[in-house]
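There are 2 protein chains.
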Amino acid sequence: MTANRSAVVLLSGGLDSATCLAIAKDRGLAVHAVSFRYGQRHQFELQRAAQIANHVGTASHRVVDIDLAQFGGSALTDPTVDVPKSDSVQQIGSSIPITYVPARNTVFLSLALALAETIDSRDIFIGVNALDYSGYPDCRGEFIRAYEAMANLATRAGVEGEQPLTIHTPLIDLTKAQIIAQGLALGVDYSMTISCYDPIDNQSPCGHCDACLLRAKGFAENGIVDPALP
Amino acid sequence: MTANRSAVVLLSGGLDSATCLAIAKDRGLAVHAVSFRYGQRHQFELQRAAQIANHVGTASHRVVDIDLAQFGGSALTDPTVDVPKSDSVQQIGSSIPITYVPARNTVFLSLALALAETIDSRDIFIGVNALDYSGYPDCRGEFIRAYEAMANLATRAGVEGEQPLTIHTPLIDLTKAQIIAQGLALGVDYSMTISCYDPIDNQSPCGHCDACLLRAKGFAENGIVDPALP
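If you read the sequences in order, they're chains A and B.
The numbering used here numbers the first residue of the first sequence as 1 and each following residue consecutively.
The numbering used here numbers the first residue of the second sequence as 1 and each following residue consecutively.
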């Protein structure tokens with residue numbers, strides 16, 4: 001890919017998407033970041049997403065409103081459903097967790113696709129990871145490949161002679177430790193990122209949800225202290 | 001499909017989606033209609049969608065807010081871009097028209113999918129039509145089949161032992177005249193529907209946009225006057 005070619009990057013404000021953004025930027029792309037106010041329990045991550053976008057230097061950063069909480073069905077959007085807490089990462093299993101938000105990545109990718117088509121970009125980056133989140137159907141490689149095939153029929157990109165659209169998933173086969181190592185090499189400032197599903201006072205990591213446990217393990221395996229910890 | 005099985009139906013307030021709703025209802029399904037306030041030029045169609053849903057008798061009807069106008073790129077969401085007008089349907093060609101909204105059906109189907117997954121429905125109905133709108137990539141059968149394949153990997157429906165999800169497109173191969181004939185047989189009240197891209201005073205059909213021309217032709221071929229005409 002050549003310099004100034006544009007890409008759309010999904011940016012949640014978490015560790016994975018911040019790393020994914022750095023990777024797209026490192027490839028010389030003009031990056032259009034997009035975040036979602038979707039009814040998540042805490043919107044602190046959107047402040048962090050804006051900080052990260054500003055720090056990395058994006059061509060644009062949008063926050064798109066789409067209320068997924070109106071459909072319900074997840075601990076991440078329904079304040080009456082508790083986020084599971086534990087002391088170890090062992091309990092993360094293969095069934096779909098209650099923190100799964102129905103069709104969330106499909107909705108987010110579709111809005112990223114609308115943006116990509118409008119700005120004539122054929123590259124979308126999403127920081128999904130199949131190892132740590134094997135219980136989320138929409139984090140699997142087979143889902144992403146099917147999404148890409150669909151997107152190439154849905155849009156102008158599917159017209160003969162046009163450049164096809166690619167969904168890039170640079171983190172999909174990496175462990176959390178490998179993601180962090182790659183981000184550190186690219187200068188990601190992880191102190192700006194927030195991964196917690198249910199932060200204390202809406203801003204401090206709880207330390208006990210699946211996201212906190214996986215993150216802690218990833219930093220420990222790199223032999224460093226998480227710079228986002230208070 | 002047995003009685004009381006539920007389905008999600010995309011309902012715009014236009015002729016096609018009203019017919020599609022009647023078809024789903026006629027199949028004995030408990031119908032959850034969903035409409036979108038997406039930044040369309042006129043929101044009169046949302047009032048009509050509510051009227052239609054009420055008339056047919058749906059299990060629920062939601063209006064979901066998703067601002068596609070923020071991305072631009074279409075005459076249907078950008079008031080500074082004129083909707084093309086003409087006196088005959090002849091000019092509808094095979095290139096993508098300016099009234100195409102980037103990734104619109106992908107976004108709408110994705111939100112319908114989020115709803116379907118939450119209410120545990122495995123049937124989504126969309127009134128796309130490949131004949132009249134061959135210039136819209138996201139109205140083609142091959143797009144719908146790719147979407148369905150993706151949706152079955154994206155959600156709980158894709159888990160082993162689960163009932164797969166189906167995207168139903170009962171109008172896809174019909175002419176506008178055939179759609180109207182089928183709707184009339186099912187008792188659709190077309191006086192409630194609005195198809196115009198750019199209605200006068202936000203409520204009366206202009207008579208000259210592609211949607212008005214196709215609709216007029218369909219009623220003429222059935223030998224009747226469009227009951228929605230003033």
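I should point out that these hints are in silico values taken from the structure, not numbers from a laboratory.
Accuracy of the hints is not assured; some may be wrong.
It does not matter which identical chain is meant; a pair holds if it fits inside one copy or across any two.
[Unchecked claim] Here are the simulated SDA-like pairs of lysine to any residue, each with C-alpha atoms no more than 25 angstroms apart in a straight line:
hint : residue 1 : residue 2
1    : 85        : 118
2    : 217       : 201
3    : 25        : 39
4    : 85        : 182
5    : 25        : 70
6    : 85        : 156
7    : 85        : 149
8    : 217       : 65
9    : 217       : 189
10   : 25        : 41
11   : 217       : 230
12   : 217       : 172
Against the structure, the hints come out as follows:
no.: 1; hint: 85 <-> 118; verdict: between (41 angstroms within a copy, 23 angstroms between copies)
no.: 2; hint: 217 <-> 201; verdict: within (23 angstroms within a copy, 61 angstroms between copies)
no.: 3; hint: 25 <-> 39; verdict: neither (28 angstroms within a copy, 31 angstroms between copies)
no.: 4; hint: 85 <-> 182; verdict: neither (28 angstroms within a copy, 54 angstroms between copies)
no.: 5; hint: 25 <-> 70; verdict: between (34 angstroms within a copy, 24 angstroms between copies)
no.: 6; hint: 85 <-> 156; verdict: between (45 angstroms within a copy, 23 angstroms between copies)
no.: 7; hint: 85 <-> 149; verdict: neither (37 angstroms within a copy, 34 angstroms between copies)
no.: 8; hint: 217 <-> 65; verdict: neither (32 angstroms within a copy, 39 angstroms between copies)
no.: 9; hint: 217 <-> 189; verdict: within (18 angstroms within a copy, 61 angstroms between copies)
no.: 10; hint: 25 <-> 41; verdict: neither (29 angstroms within a copy, 36 angstroms between copies)
no.: 11; hint: 217 <-> 230; verdict: within (17 angstroms within a copy, 68 angstroms between copies)
no.: 12; hint: 217 <-> 172; verdict: within (18 angstroms within a copy, 51 angstroms between copies)
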